Structure formats: structure tokens, C-alpha cells
Amino acid sequence: MSGAEIARQDRIRELARQALTEGKVDYFIGWKAGHVPSEVIPAFVRNVDECDMLLWNPLCHHNLTTFLKRKMPDPPDARIGVCVKGCDSRTLVALLQETLVDKERLYVVGVPCDGIIDRRRLEKAFSDEVIDIAFQGEQVVVTTRGGETKELAYEELLLEQCASCDFPNPRYYDDLAGELLPQPEGPPRFPGLEEYEALSAEEKDRVLADAFATCIRCFACIHVCPVCYCWDQCVNRSRRPALVGQKVAAKENLMFQMVHMFHVAGRCPSCGACDRSCPVEIPLYLLHRKMNKELFEMLGFQAGLNVEDKPVFQTFNIDDALGEQ
Amino acid sequence: MSDEAVSSERRRLTFADVELGSSIARAARYAGNPYLPETATVVEIIQETPNIKSFRVRFDDEQVQAGFSFQPGQVGQLGVLGIGEATFAINSSPSEKEYLQFSVMQAGEVTIGLHCLSERDKVGVRAPMGRGFPVEEWKGKNLLYVMGGIGSAALRATILYTLEQRAEYQDITILYGARTPVDLTYQYDIDEWEARSDINTVITVDAPFPGWDGRVGFVPAVLEELAPAPANTVAVTCGPPIMIKFVLQALQKLGFADEQVYTTLEKRMKCGIGICGRCNLGPKYVCVDGPVFSLAELRDLPDEL
Amino acid sequence: MKFLARDQLPTLLADLSTAAEVWVPVKQQNGVVQFDRWAPDVDVELDVFLARQSPKENVFPQTETYLEYRYLMVCSAQRPEFTDQTREELRQLVESEGGEVVAEVPPVAQELLLVADVGGGSQGEPGLGSAAGMDDSAQIILGLRPCDARGLSQMDNVFGGYGGFYFDPYYNVRRNNTTIIAVTCRTPRSTCFCRALGGSPAGTEGVDVLMTEIEGGFAVEAVTPKGESLVERSVFEKAQPEVEESAVAAKQAAEAGVNVPFELDGVREGLKAGFDSPVWHDLAMRCISCGTCTYVCPSCYCFNINDEIVEGTGERFRCWDNCFNPMYTLETSGHNPRESKHARFRNRFSHKFWYYPDKYDSLLCSGCGRCIMYCPTHVDIREVLRTMSAETTAEKGEA
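Residue numbers (this note's numbering), protein chains in the order written: chain A, 49 to 373; chain B, 520 to 824; chain C, 1150 to 1548.
Among the hints, erroneous ones may be present.
When the alpha-carbon atoms are kept at most 30 Å apart in a straight line, the in silico DSBU-like pairs for lysine-lysine are as follows [what the hints assert, rightly or not]:
id, chain 1, residue 1, chain 2, residue 2
1, C, Lys-1421, A, Lys-119
2, A, Lys-172, C, Lys-1421
3, A, Lys-119, B, Lys-772
4, A, Lys-72, A, Lys-119
5, C, Lys-1176, A, Lys-172
6, A, Lys-198, C, Lys-1421
7, A, Lys-338, C, Lys-1176
8, B, Lys-772, B, Lys-660
9, B, Lys-616, B, Lys-658
10, C, Lys-1176, A, Lys-252
11, A, Lys-295, B, Lys-786
12, A, Lys-299, C, Lys-1400
13, B, Lys-786, C, Lys-1421
So the derived list for chain A, only partly shown, Cβ under 8 Å to chain C, looks like this [as the list claims (entries may be wrong)]:
id, residue
14, Glu-87
15, Thr-114
16, Arg-237
17, Gly-240
18, Val-272
These stretches of chain C come out as covered by chain A in the derived footprint (C-beta under 8 Å, 3 or more residues) [to be verified]:
id, segment
19, 1175-1188
20, 1337-1348
21, 1385-1396
22, 1438-1448
23, 1472-1485
No wet-lab data here; the hints were simulated from the structure.
No experiment lies behind these values; they were computed from the predicted model shown.
All residues carry an ideal CB built from backbone N, CA and C; glycine is no exception.
All chains should be modelled from the sequences, with the hints used to inform the complete structure.
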């Protein structure tokens, strides 16, 4: 692990300790090691002496903003400290823009991020269980349960979205864990869509139908989504109104995902939490990243950049390129 | 756990068991398929209150109608194809052979659907389900019925049954309250009960109402005023949760033991046969182990009402 | 015991598929292994430690139709002339067309629908679905692990009316026509805990035939009479003594790979004693209340029943549901007995280790560990059970 990352981790622990000691927050949400060292999970720290379990490394993929949304805080009026990466902060900004979380009850620690590892891709490279992932400079040392060890290059293991990250720095924070990273130049990038975009309309239909035929409707994508705030009253499974079919079949599944996509459009910065949480590995980014690309090209809009901005669907600009161009 | 001796009943059933119909209660004519409703026709609709209607339905299959019997307190699933089913108490008398009556308050999707029905329309019925009141055990005792609003629907069959068997029971008291006189269900019963000298009928409404010269007061308060003696008495209560809460407190104050108090519970139900999992109260399913529980039984269960 | 040479596996599958539909673990396009129909061009994936989902869907489909109905007529209730008289005319019209009005759907969606032709489910003959109208085609599932088979056996109690409860014909028709050929685990993972629940990577509960991978092929044991007749096939060779020895060694090696992360004794008591414990709030903190754990679980079985109408036909069907769904227990009045996340969270573990055991004398968990692996936040059932066991100890300490 690089010096910068160790410094960030130390700073997260320090800020958490401070916030808890000062009574600024009831609990602090960060990341910690899971059931095996290769797995990192959300950590909820209530006591100062637990702060040392907080971690920062390229496995901290969870977007912790989801634990701030409606009906998640426990108790409901808890004052919460939370760590956000660049992409996570954009979902928080989206919630703040619509005053869906109370700024006054939040203490936000921004964490500059060099990129998160695509653990799923990494796992597929091994037949045995990956139980440890260690970071040594630019190398990632992977150990399996059977004792096999392999060194891989960090750069090659990054999530597709991280390899072309436009916002490595948090867009909103009270305190920063570590130095800000250089801000990339140029227009936003929407990786991984080329293949899909090259398809004919019929082929696109087929690709989506095939992908969503495997959906098991577990709703992980919706519940894990930080900007999907009507999650416990979701129209996708409401019977009143009964707008979306409850049968698990390709057509109904796609419909349900489309509803999700349209409903979070304008708030979703493609943080990828839905994609990573899907137990059957449906490429959900296809929908959300594509939607964001369209929003950028049509309206010049990117979700969750500044708290003061108005959400895209609450504004109208005569120059917006809508419809046929 | 698996080492525990398994009694003869503690086993899985087979198709043979079901076809014989020996050991299980069945809710459908077609042996062993408890999910399928029996078609029935609405023969009469009674507008009980502005938002409560009673439906009298008769099974289309005469044999089913003739063979139908139930325990007071048992429930049934009443449904409309295309909309769905919901659980309601069967509130006609068990001795009524011409029809089954269900009372429905307009609230959700299914109940709105039911309220749109007219006479001669078809419904699906799965009944009877669950466990009724132990009316045989109560013989020789005083009965105290305490009910509010639509809660009367859950107790009506039991009241009618015990009135038919009047000689088997000691004093019978019916305390029934609603928000306004307009919200009192079963006016035809009330008239009859009030005319009878062998039962004590007390009707109350929450607040004064134009034209109402009867009693005014909340059910729990009226209950405390009546102060029935707990000796050899069974109290049966049903109504809105908040009323039940205060009625139970009042009964406790009056000296009723948990074993003397019965209620009937409502939960969201789907299958109605103890499989789909949602109506549990700890290890008990309201649909098969209830809906009737004594307060003593409820005290042993997790508080997830 | 019999022996099946590795290269004879396709022969066996081809042979089996003449009499039944054969399901095996197959690597999908995206690399996820799921149970799928076997065909000669399908590669059986036996190297993966567990398929992503158990084959519970083969006996308990995620969506299953109970009833189908067809509308003979749809009429908008918004039309001013829509009266009881027009209803009557419509009824007569349907009857004169030779249809029977079986049910009339009132105008919730501003439409009056006259329904006829009620059939017994998508597989069914017309007539309110007797068992004969259900899917009774034979199927053989090969390649599931013993924990998955045990999960099926646990569901058998629920749908099989154990203890005098109701018997589910849809499930049982399928289950009776299903043969289970399990394969002993070769590489258990750190998340496996079957042994803590009295199971084993070579367990035989719910299994008809158990195959254990050894050098050059499989040691094959019939467990049930159904299994006995299956291993009569000529593709199975008589096992030499060393086959048995290798099988024992393979099973022992697998056993050694499975952790025992908690003591089962005391779990049920702990859950009872700790029902109101504030520790549930802490345990549920990172749960996002989705249904992944229950949908990848080999024994979670809760479901919902819905009616849906599309273009003149309607269906009543059941589909998987789960106790984490906030709408699962939501009542019409708006009241929800399990409104908060921790109450829903508590229900799953209590169901598996307290409610179900009380009702069915066994457990509703086989220790496959999928819920730990595929939970988006890796909520760990082992941690929950350990914590709750300690609740009894704590109570005892106070007493």
C-alpha cells in the first residue's frame, strides 16, 4: 500500500476518533475487513476504541451514502459520520440537492481515491477462493485458500469506471482524509459502452433481454443504491398502484430495471454500487452509464457535482438539445 | 434437534394422505389443492356503514354449500379474479346453511374490488381456515364480548352461535362501540339483541352525535364503568389495535387473568395455509395457529403485532 | 458402491436424458455458474464449489401460476351508459356467445371484465387444476452439493404438510418426480459451515445418489430406492475396493476443509432470550434489507401471491418473496408489524433457527454460506448466530 493510502487510513481513524470523542456523531461509517481479509465491508463505529478497525485500501468499494438515505439511519435521527470517495460524494450531493438528507446531522470525511479493484474479475482468475489481497506499491498480492500466491499489477485490476475516473476527489466534505489528487482534464468519459452502442436497435434489445432474463428480483440493486430513496415503497413491487408486473420473466425484469434507471436519472453518477451488488452479475452499468452519457450529451448535465446546483429535471434551459438533433 | 423422538404426526404428508383427506383440513373441493378457490355467487349485499359492506355468498356447487361447516371465529379468503384475495372472518352463524357472510371495509386494493361487486357477481372463496374460538370449553361460563368498529365482524359468528346455544352459557354481555352511530355495523342484530332480556347489550359511540340518545364514551371507559366481575367469565375482544390495547388494560384492572381473555388477530396473509411465511408471530402463524389467541398464548409469543 | 469413469459422464447424462430432463451446473456467458438444462453440447461445470443459486427453482419455481382466466369482454366503467342494465346485457351477450361468466371483475381499473375459462395453471388442463394438471415431468438434477440437497429436504417439510399442516400439490408433484444426484464437495470455502449444523460435504439428506470425485472418475453410492434403481444402469461399473478407499479419503479431505464457526447448542435459546435485545440493531446496521440472501438460499421458501391481468388474460400466481421486503408484512391499514429494518433482519435468523425448528423439528439452513458471499455487504450469519448464542449466556450470567 502506498504511503498516501496509509496516510488516508490514519487520517480517517483520527477524524473518526475526534468526531466520536467530541460527541459530534452518534456513529461513524467507514470500511473494515470482512470475514476474510480479501473482503472489505461497511463498518459502523460507535466507540472511540473501535476506530482502529477502520480501513482504507483499494477494496473499499461500498458507497456508504446508502446508509444515510430515508429509513436507513438507526435511530432515525442519528447524527452520522461518513466516509465518501469521489463517486460516493456525488450521490451524497445529489441527495443534498434535493434536501433528502439533513446536512446538519452529517459529518462527512472525504477520501481521495486512486481507484477500486474489480474484485469480481480478480476472483474469476482463480478457481480457488481468494482469501487475502495485499497491496505492495503498484503490485497486488493475492492469496488463495489453498495457499497459492500471485502478484498482479494494480492498474490492471481496477474497475472499468475507476480506470477512467473523472472525479478522484470528493465533491463535498467537511474534512479531508489525505491530500487532494490531481483533477483529470477533459470531458467526462463513459467507458464500456462502445460495444453496446455499435449494435443495431434489434441487437440492443436482444442484449438487454438476455442480460435481464437472469435477474432474480432480489432488489439488491435498488436497496444498495444511495439515490433510490423510495426504496421501501418502490413502485416496482407495489400492488397499489400495480404498475410493474411481479412475474420473474425477461420482459418484466427489464421493465423493473428501466423504472429504476429512469427514476434515478439525474441523481445517479454511475457509482456502480448496483452493478457490484448484483448476485447474478447483470451488467447494470449498461443502463445507468448510458443514461448518464445521454444526459450529458443532451443537457450537458452531470449528477451530483455541486450542492447548490438544481437537479436536471427541475430546470429548463432553452438551449438544451432535446429530441432529434 | 433431529434426535428428538418424532411422533407419528410429526412427519411429511404424501399424496395418499391428501386424497384420503384424512388428516388435513381442506379449503378446496379439489383434494389437496388448498390454493384454488371455490367459485361462489354474491346473493345479497348489505351496506352496513358508509364504508363497510356485508357480502352474502353461496357456493356454486350445491354439494359444497350443503357440506360446508365451520367453527365460529374461523376465517376465509374472499377474492376477486384479477385483483386478489384477502382474509375476512366468516360472520354468518355456523347454523346458516344458505350462505356465508363476510363484512368488508373499503381500504386496499382487494377491498375496493369487493366493494365494486353487485349481486349475482362471482367471487372465489377459500374457507374455512384457521382456528376458531373454543366455544365448547366456554360452556357454563359468563361471556363478555367487547368490540369496536369493524371488530364486530370477527365476533359476530361467535355471538350468534352462543345466542343460539343460549342455555349452555351463563350471563352474556355485549359491549359494542363505534366512532359514530353511522359506523355501527349489524343494526339488524343490535335491534334484536337490545330487545332480548336474556342478554345485556351496551352500545356506545365515541362522541355525541345529532339524533343519538344512547350512551357516549370510548369502549374501554365504558367497560370499566360496567365493571363486569371476572369470576367464571370469558372476555372476548376485537377492534382497532388502540382499542384492544386499552381494553386489555381495563380487563387486567378488573381482575381478568390472561387465560380468561381472547382476541382474534389480523395480519397480512397470502396463502392462508401456513406456508407463505408472512403472518407469523414468532413460531406461530396467524392463518393456521390463529387467528384466535388467548392473551395467555400471546404473552408467550414475541411482540410483533 | 459403483464407479463411473470420468469420460463416461456424458454417456450417463445422455442416457438419463432419454427418460427425464437433466439439470446440471453450467457456466453462463458472464461466467456465473447456474443450473441449466443439459444437452449434448453443454459442458457440465463440476469444478465450481457451488452454483450461484441452488436448484431450488427446479421444485419451487420463482414464478408459478395457480389459475389462468380469460376475459370475454372488457368494458369501460367510465362510460356514462355503464349501468347495471348494461352489465346485464353484457352477461347475456357472453352467454349467447357460448361463454360462461365464471367471474366478474369489477371496475378497479375503470374496466368491467367478464371472465370465463378458468384453467388450472399454465401447465394445466382446463378445470381448476387437480394434481394431474400440474407439471409432472420427470427431472434429474446432477451436480448439486449435499448442502443444496439438504436445503430441498428442509423445504420438503414445509410444502409436505409436516406435522399435519397443509400439503402443497404444486411443489410435491415436482419434488416426487425429481431425482437428486449430488456430488461431494471437493473444495469447501471459508464461508462453508455445514458441519456446524450436523451436515457434511458428503451429506446424504435429500440425496438419491451421491457421487464422490476420485482419481479417474466418481465413486457412486445409492442412498434411496430411487437411487438404487438409477445406479443399475450399465454405465456404472462395479467398484473395486480402492474406489471405496479413495472415496473415504476424498470425503475426509473435504470435511477437513469445513470450519465449525459456532456451537449450534444454545442458538435457539439465544434467539428466544435475545428477541428484544438491542444487539439486533447493531447486527442489522450494514444490512440493506434487500432479498439477495433469501434468493440465493437453498432453503428460504417464503412467497407472495398476486393476480395480474394483461390483454384479456389473467393469472393468479405465486412468486418468491422475502422477509426483508419492507412490503412483506405491510397491512392494508398502513400498519407494518416489521416496519424497521432490524425487525425484518431478526425474522430471517429467528425463522431459520427458532420458528422453523419449533414447527418442523429440524433446521432451515444447511450451511452453504451463499448468504455471506453474495450479500452486498457480506452480512455474516455465523456472526449473527454467535452473537445471539451469547445472549443466553449473558442472561444466565445475570440470573
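Hints versus structure:
{"no.": "1", "hint": "C:Lys-1421 with A:Lys-119", "result": "holds (26 Å)"}
{"no.": "2", "hint": "A:Lys-172 with C:Lys-1421", "result": "violated (41 Å)"}
{"no.": "3", "hint": "A:Lys-119 with B:Lys-772", "result": "violated (38 Å)"}
{"no.": "4", "hint": "A:Lys-72 with A:Lys-119", "result": "holds (21 Å)"}
{"no.": "5", "hint": "C:Lys-1176 with A:Lys-172", "result": "holds (12 Å)"}
{"no.": "6", "hint": "A:Lys-198 with C:Lys-1421", "result": "violated (46 Å)"}
{"no.": "7", "hint": "A:Lys-338 with C:Lys-1176", "result": "holds (27 Å)"}
{"no.": "8", "hint": "B:Lys-772 with B:Lys-660", "result": "holds (20 Å)"}
{"no.": "9", "hint": "B:Lys-616 with B:Lys-658", "result": "holds (24 Å)"}
{"no.": "10", "hint": "C:Lys-1176 with A:Lys-252", "result": "holds (23 Å)"}
{"no.": "11", "hint": "A:Lys-295 with B:Lys-786", "result": "holds (24 Å)"}
{"no.": "12", "hint": "A:Lys-299 with C:Lys-1400", "result": "violated (44 Å)"}
{"no.": "13", "hint": "B:Lys-786 with C:Lys-1421", "result": "holds (22 Å)"}
{"no.": "14", "hint": "Glu-87", "result": "holds (6 Å)"}
{"no.": "15", "hint": "Thr-114", "result": "holds (6 Å)"}
{"no.": "16", "hint": "Arg-237", "result": "violated (23 Å)"}
{"no.": "17", "hint": "Gly-240", "result": "violated (14 Å)"}
{"no.": "18", "hint": "Val-272", "result": "holds (5 Å)"}
{"no.": "19", "hint": "1175-1188", "result": "holds (count 6)"}
{"no.": "20", "hint": "1337-1348", "result": "holds (count 3)"}
{"no.": "21", "hint": "1385-1396", "result": "violated (count 0)"}
{"no.": "22", "hint": "1438-1448", "result": "holds (count 7)"}
{"no.": "23", "hint": "1472-1485", "result": "holds (count 3)"}
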